[in-house]
Structure formats: structure tokens, C-alpha cells
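S.K.: If you read the protein sequences in the order shown, they are chains U and A. Numbering-wise (the working numbering), the first sequence opens with residue 1 and increments by one. Numbering-wise (the working numbering), the second sequence opens with residue 1 and increments by one.
Hint data in this document are derived by calculation from the structure and do not stem from the laboratory. Some clues are possibly wrong.
Under 10 angstroms between C-beta atoms, here's a sample of chain U residues computed to sit facing chain A [what the hints assert, rightly or not]: (1) ASN27; (2) GLN28; (3) PRO29; (4) GLY63; (5) ALA65; (6) GLU220; (7) VAL221; (8) HIS223; (9) VAL225; (10) ALA227; (11) TYR231.
Values in this document were obtained by computation on a predicted structure and should not be read as measured data. Beta carbons are placed, not taken as given, at the ideal position from N, Cα and C, and that holds for glycine.
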Amino acid sequence: MIDPMLRTAGPELAAEDAEATTPLGRNQPLVPAASIAGRALVTVIAIMTFLAALTAGGAQLIGDASLGWRSSVSREVTIQVRPAPTRDIEADVAKAAALARAVPGVVDTRIYTRAESERLLEPWLGAGLNFSELPVPRMIVVKLDPGQRPDFSDLRRQLSEQLRGATLDDHRLWVERLAAMANTFVAIGIGVVGLVIVATALAVAFATRGAMAGNREIVEVLHFVGATDSYIAREFQRHFLRLGLRGGGIGGAAAVVFFLIAGVLTSSMVATPGGTQIEALFGTFTLGPGGFVAIVFIAVLVACVTAVVSRVTVRNTLRELG
Amino acid sequence: MVRFENVGLRYGMGPEVLRDISFSIEPQSFQFLTGPSGAGKTTLLRLILLALKPTRGLIDLFGHDVNTIQKDTLTALRRRMGVVFQDFRLLEHLTTYENVALPLRVQGRDEASYRAEVVELLRWVGLGERMHVLPPVLSGGEKQRAAIARALIMQPDLLLADEPTGNVDPSLARRLLRLFVELNRSGTAIVIATHDLALMDQFDSARRLVLGDGRLHIYD
Numbered sequence: 001m002i003d004p005m006l007r008t009a010g011p012e013l014a015a016e017d018a019e020a021t022t023p024l025g026r027n028q029p030l031v032p033a034a035s036i037a038g039r040a041l042v043t044v045i046a047i048m049t050f051l052a053a054l055t056a057g058g059a060q061l062i063g064d065a066s067l068g069w070r071s072s073v074s075r076e077v078t079i080q081v082r083p084a085p086t087r088d089i090e091a092d093v094a095k096a097a098a099l100a101r102a103v104p105g106v107v108d109t110r111i112y113t114r115a116e117s118e119r120l121l122e123p124w125l126g127a128g129l130n131f132s133e134l135p136v137p138r139m140i141v142v143k144l145d146p147g148q149r150p151d152f153s154d155l156r157r158q159l160s161e162q163l164r165g166a167t168l169d170d171h172r173l174w175v176e177r178l179a180a181m182a183n184t185f186v187a188i189g190i191g192v193v194g195l196v197i198v199a200t201a202l203a204v205a206f207a208t209r210g211a212m213a214g215n216r217e218i219v220e221v222l223h224f225v226g227a228t229d230s231y232i233a234r235e236f237q238r239h240f241l242r243l244g245l246r247g248g249g250i251g252g253a254a255a256v257v258f259f260l261i262a263g264v265l266t267s268s269m270v271a272t273p274g275g276t277q278i279e280a281l282f283g284t285f286t287l288g289p290g291g292f293v294a295i296v297f298i299a300v301l302v303a304c305v306t307a308v309v310s311r312v313t314v315r316n317t318l319r320e321l322g
Numbered sequence: 001m002v003r004f005e006n007v008g009l010r011y012g013m014g015p016e017v018l019r020d021i022s023f024s025i026e027p028q029s030f031q032f033l034t035g036p037s038g039a040g041k042t043t044l045l046r047l048i049l050l051a052l053k054p055t056r057g058l059i060d061l062f063g064h065d066v067n068t069i070q071k072d073t074l075t076a077l078r079r080r081m082g083v084v085f086q087d088f089r090l091l092e093h094l095t096t097y098e099n100v101a102l103p104l105r106v107q108g109r110d111e112a113s114y115r116a117e118v119v120e121l122l123r124w125v126g127l128g129e130r131m132h133v134l135p136p137v138l139s140g141g142e143k144q145r146a147a148i149a150r151a152l153i154m155q156p157d158l159l160l161a162d163e164p165t166g167n168v169d170p171s172l173a174r175r176l177l178r179l180f181v182e183l184n185r186s187g188t189a190i191v192i193a194t195h196d197l198a199l200m201d202q203f204d205s206a207r208r209l210v211l212g213d214g215r216l217h218i219y220d
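Just chain A, same shape as in the assembly (with noise of 0.2 angstroms):
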């Protein structure tokens, strides 16, 4: 699904901020990215949204090389991937409806034909009544649960989860790990992005990917 090889990345002149970075992610896979802050956990995926390209290496994404990656190529290969920033990034004069319903939308799709889908999303991730409220009065829970809607919606072959658990209590990172775990099962393969130890320790049959200086340790 996703394999890098000797994968370095410098900003501009700057050091390599990843050195030689090597691994893959399996189809249904689950793994947790972990590592300081700072070391590298949101440029790698980045790298792997293809919002960065790396300075060195190669990177193989659901069998495309994305150094000779078309266009069109890369949003066909973007609608296989779904993402929970760290910071939501939830669209804030759009309603949560509006936000989930954004990657349907912008594939031009007819709204009657993915209305009760949607809906049915919003009830499961507990938003049901808050489907016609704006982001700036959600709870951060409530924002949280809405970006990673907003990552299902499209059932992703592959989801991405920057600190998705960085603004919530214990209760609901709980909560939304056991969300997480329910979606793989059903297909999904999962890269959380967390330096949460307490939420690994949860999920210890997790692959967990160290990142630190630059450099990745698999632990399997």
C-alpha cells in the first residue's frame, strides 16, 4: 500500500530532518507513529499525503511512484487516503453536515445521493444532533469526531491521524482509539501519529513506528 525506500527530506539548505527512512504499510495494518515533538511525525505524513515530496528516496503509494506522479493521478490517490489533522482544519462556515459531506461534494456528487450516508456517519461518531451546528461552538471531542468523519466518509483504504487524541480527555481518546480499532477491523489500514504512551499501551499489538533524529525504528 505504501513503502518508502532511503526516504531523506531537507527543508531548502537546511539538514536532513529524515534520514533514510524505510518501511511499508500493509493493507488492514495498524501502526502507531510515535517519537518526540519535533521529530519529524507530521512531515512524514505529510510525506505520505503527498503534500511534501522528499528530497531523496523513493516512495511508492498504492503502486504509483509518486517522483513521476500526474496530477490527476495524485487527487485520485488522495481520495484513497482519508486525514484527521492535528489541528482539525474542520471548514469553520461550514456546518459539521457540510464538513463530513466536503469530500462528496467536491467529487461533485448529487447531495440527495449521499445525504443518508452521511447522516448515518454523524450518528455513529455521535454527532448526530450537532450535524447542523458550525465548528466554532463544538467541543474539541466534537470537532475531533467530526475531522475523523470527515476522514471515513470516503472509506478510505488508508487513514492518517495526526495526535488525534492531542485535545481530548483520556475518557474520549479511549473512546475514539476503540473507533479507530472498530474501522481497521472492518478494512481500513491505520497510521496514528501520537506521542500518547498511555494510548499505545491500549493497543499493544500495534506495529509502532519510533521516529527520533530523523531516523525510524520499527517495532513490530
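Next comes chain U alone, as it looks inside the complex (with noise of 0.2 angstroms):
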């Protein structure tokens, strides 16, 4: 290859030149590519993309997954029936889930038998007791339709009046508090987010002073042959939009390959113990297209932080300059 130092055109070619259409110019950038720290600020760059682009993912997992504890919660209630000394039981607790059947939007409804309602009750007095003598109140299991949320305040009202000792529970409690954790993740991604973007356009601040002070003389020449203030900008814009496009993507497709391995992984350990609470914490543990186009989002949105800072670094530099 020839070193383009020592190229030189010959008579001929130089005659042809005014005339041929082939650029003379080599539309070269005119801050020279190799006086800004590239490799270092692209490096910063990548590596801040990556962490968003995880905090991005990791948030979209559990929102995701929160999603579906809340969903399938909230897909049933329960009537707790109580047993009183002057009532049948049986009755009460059949009458309940009959109550319960007629409210629109009930699909089903399972009364737990008095075996299984003591069953529950072993995780915390122990297996083997005669739970006969002990008032065990009796459960019932009431499913919904998925596409429905019933108003249950009539039946809950008809419980009271018609069966005592006989309570509703619509799971209002767990799901509030599920929500409640869902969004604090979900919040405390976005400031993580907001938090790495900031650091990411002070690094880039600095590497614009930097590249600054380094090309100054040339900054000096742009001025006196008549460049604007805006162009010089732009010539910087042009830069640094390149870095962070190239550090951006580096993230970006770091972190969509972290996803697709971590999704293979989990799926791989999914009947071992830790991939059944890997499983019970973010679901499949798989990012969904909303999830890549996030990732796709910050990266692009890293890229053009990047690119604003340095114009408005370079803007504010030559302001205090001139």
C-alpha cells in the first residue's frame, strides 16, 4: 500500500482532474480522528451502555414477571368459613360456594374438604395431631374469569348477613403489595438508567474539552478561514455521534448476548433448585421484544447524548474562547 504521505499525482492525472467527476477531496474529518482519546471514550462508552442496557433488561424481567404473579393472583379469591358451635359447617361452606357461583364472572369454585383444609394447617403445628377437637375453618377457592374483575362487595355483603364466621379475601393486599415492589425495581431501574446517561455525557464533556485543547491551533485556522461557530460544532458533533454509535452498539449487542446466554442458561437449569427460584423471582428469565428494543433504545440514546454534549461542549468552549 502506498503511504499516502508520498502519493503525489502526476502531470497528466492533475490535468485531468478539473474536469473528472471523481472527488479531489477525500471529505476528510477535519478534527483529526486520531487527536481525540477514540478508543478509550468508546471503551467508557460501551461499557456505560452495557450497565443501562442490563438495568434496562433486569427491570423489564421483573416488571414482566411481576405481571404474572399479579395476574394469575388476582385470577381467584377465597371465602375463609369459620366453624360456630350452633351451625353446620358443611351447609355453611356449601351455601358459600353457591353464593359465590352465582356472581357473574365466577367460573369455578373448589371447596377444600375438611382433610385438606387440616393439611394446610401442618406446615405450622406439625403432621400427626388430631386436629378433630380444633375449629378448623374450611377454604374455598374461587376462580375467575381471566377477562373479568367481579364486584364483590354484594357477596360479600350476603356472607355476612346469611353466614357468620364466613370472610372474603380478594387478594386486593398481596397484589398492591406485588405492584408496589414491581414499580420500585422498575423506578429504581430508570434512575439507574438516568444516573449511567449522566455519567456517560460528563465523560464525553471531557473528552470534547480534552479533544478541545488538543486541536486548538486547528480551531484557531477554522476561524480565521471562516468557519462558524456551528460548523466547528458540527465537525465535533460528526465525531463523537461516530463513538458513540460505535461504543453504543458494543454495549447494546453486549448486553442482548448477556440476555440470550442468561435465557439459555436458566432454560437449561430450569429442574434444578436455583433455576426454580430463578424461575420464581423473573419468570422464563427471557427478554421479551419490548426488552431488545430497549436495549436497542438506550444504545441509540447513549449515542446521541454523546453527540449533544460534545456540540453543546464545543459551543460553550469557543463561547468562553471568543
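If you follow the hints, you should be able to join the two separate chains into one complex; please do so.
M.R.: Encoded structure:
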């Protein structure tokens, strides 16, 4: 390859150049790429993007998993019937189930037998006990139509009027707690992504100031040959946008690969205790299309932030110099 | 074109390096700005170029008071001036062609619109065969001619040249002076800062602005 510094055009070629349609300029950036600590900045941007994408993906996973938990919890309610000395509990349970089935949106009821109800107490009271002397409450699980959220106020009133000791638990408290937890995770995720972007912006601002200081003479020449501040800022912005796209692309791609590998690993661990725990927390640990779109969005956002911050920094520095 | 009235300049709290400078540069005029080294020739050129602001006095450039000038106007005025730096200030990562085309490129013009013009100017200054060469491999004289070509490509109303013959042999210095004279004949006002008496003697009819002790003396 011919060293470009030693490359010269012959007279014949030069004579033809004026008429030639091929450009003589190479559209080189006016700010030399080598004068900017590009590789270090690309590394910083890539790491920042990776961390931000990881956080966003994690928040998305927890958000999706919490939706799953909430929908499964809210697909059923329970009626608890406590035994009373003067009442027939089997009749009360049957009546409560009948009242529940009459509510629109209820698709099924399942009455826990006395033996099943006693087994529910075993984890707390221990096995092998004689529960016959204890007033063991009976449970009725009421399955709901997934598309509907019935109004249980009438059922609650009927139960309290007609069956003393029967209560309805619609799991609202649990759903609210799960929603609060998931929303907290998502808010923390958004906060972390915001902080990472601010840190990236600061790194770019420092790098831009360094590049400006290193190319001060070029900036001065550009001013003298009639370049406007916005033209000079555009030149720097173009360069930093390229660095931002490269760093954002590397970081985003690394995050995508991470989630793909993590998804494969967790699906292969599905039968193990660890896999079960992960599945309980994150669901299938598979990032949906929304998660991948979020990662791409973060990578592009980081690149845009890089370009805009460099432009603003150059404009401010030029104003200070002026 | 350019008018200085009682202009003074000091750096920080130091003494005035230029005092009570008053002169004007008329269109199509030719003047040497001379004086011993350190007399303030480059500083005076930088004042004309609006790279420095005077600490007192009035500078009027193409009808604009530089004290009240807006940034946009400043750029427009700089485009009416060409400057040849003592140390050339060619961008080392751009070829001779790209350096000479720089003032047109920064205006956002398409390369096809100025390609022929730049090539013609490069041939005129004798760099037709060196247009694809990067500055580090150009000789001092070639760099000087490239810097001059860059200053001329916009066909400026005023050309400021700081020691344009400082790095070249006497023969090339004579050729460069002829180039400036030819430019002046085509309508460009010229200011050449030099302390080369032999160069000035070759063009006796030019006005001489002599700087000494921070003051300016004019010899028409």
C-alpha cells in the first residue's frame, strides 16, 4: 500500500482532475480522529451502555414477572368459613360456594375438604396431630374469568348476613404489595439508567474539552478561514456521534448477548433448585421484544447524548474562547 | 476598508504593547508592516483579524465597529480577509488540495462547485503536481505557497501575510513578492508583515507602516 504522505499525482492526472467527476477531496474530518482519545471513550461508552441496558433489561424482566404473579393471584379469590358451635359447617360451606357461583364472572369454585384444610395447617402445627378438637376453618377457592374483575361487594354483604364467620379475601393486599415492589424495581432501573446516561454525558464533556484543547490550533485556523462556531461544533459532533454509535452498539450488543446466554442457561437449569428459584423471581428469564427494543433505544440514546453533549461543550468552549 | 483610531492594547495588567495606533488601509492598496522582532507586527495583524480585542481605541473593519460586532458579522468579515501565517498553519492531515479548499468547504459548498477553481489556483502557485501531498512532505516554499493559495481562494478584499518570505530563499521570496504584486493589481489590498528590508526595497512604491516602541510610523 502506498503511504498517503508520499502519494503524488502525475501531471497528466492533475490536468485531468479539474474535469474529472471524481472528488479530489477525501472528505476527511477536519478534526483528526487520532487526536481524540477515541478508543478510551468508546470503551467507557460501551461499558455504560452495557450497564444501562442490563439494568433496563432486568427491570423489564421483573416488571413482566410481577405482571405474571399479579395476574395469577388476581385470577382467584378465597372464602374462609370458620366453624361455629351451633352451625353445620358443611352446609355453610356449600351455601357460601353457591353464593359465590351466582356472582357474574365466577367460573368455578373448589371447596377444600376438612382433610385438605387440616393439611394446610400442618406446616405450622406439625403432622400427626388430631385436629378433630380444633375449629379448623374451611377454604373455598373461587376461580374467576381472566377477562373480568367481578364486584364482590354484594357477595361480601351476603356472606356476612347469611353465614356468620364467613369472610372473603380478594388478595388485593398481595396484588398491591407485588405492584409496589415491581414499580420500585422499575423506578430504580430508570434511575440507574438516568445516572449512567449522566455519567456518560460527563465523560463525553471531559473528552470533548480535551479534544478541543488538543486541536486548539485547528479550531483557530477554522475560525480564520471563515468557519462559524456551529460548523466547528458540527465537525466535533460528527466525530463524537460516530464514537457514541460505536460504543453504544458494542455495549448494547453485549447486553443482548448476555440476555440470550442467560435465557439459554436458565432454561437448561429449569429442573434444578437454582433454576426454580430464578424462575420464581424472573419467570422464564427470557427478554421479550420490548426488552430488546429498550436495549436498542438505550444504545441509540447514548449515541445521541454523546453527539449533543459534544456539540454543546464545543459551543460553550468556543463562547468562552471568544 | 480598515481604520484604526488611537488603538491601544495591553495583555492583562502589563504595559501597553501597542499605543495610539492610527492608520487606515484603503482598497487595492499595498503596504509593508515592518519593525524589529517583537515590535508587535503579528499582534497588529491579529487585531485586524479580530483575533484580539483592543483595550482602547476604535477599529473599523469594512464599515463595522469591532467593539459592537456580532459573532455572525465577525465570520462574514473574516471571509473577506485572507491570512498567511508565519508558520503556515496548514492542517497536517489534509492534502494540499484539501487545505486550499478549506475556506470553501467550511462554507458548506459542494466540492464539485469549487474543484476546478482550486486546481487552477494550485497550478497558478506552482503546486499543480503536489495537490495530493500532505503538508509534512512539502518543502518550506511549497507550504508557503499552499498557505498563500488558501488565503487567496476566496478572492479576499484584504490579504494579510505574516513574514511570508521568512522561511524561503531570496529567489523564492522574489517570486512570492511578484505573486502578491500581481494579486494587488487584480484588486486585493495587501498587508505584508516583514522585517526583510531587501524584500521591501524590491517594491519601493509600497507604503511602509513601521512599528517601534509600540507606536506606528507611516511612510507613504
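S.K.: Hint by hint, note whether the structure agrees.
M.R.: Right, here's what the structure says about each hint:
1. ASN27: holds, 8 angstroms
2. GLN28: holds, 6 angstroms
3. PRO29: Constraint on U/PRO29 satisfied, holds at 8 angstroms.
4. GLY63: violated, 47 angstroms
5. ALA65: violated, 53 angstroms
6. GLU220: Holds. Min distance 8 angstroms.
7. VAL221: Holds. Min distance 5 angstroms.
8. HIS223: holds, 7 angstroms
9. VAL225: holds, 4 angstroms
10. ALA227: holds, 4 angstroms
11. TYR231: holds, 6 angstroms
When held up to the earlier numbered hints, the structure conflicts with 4, 5 and fits the remainder.
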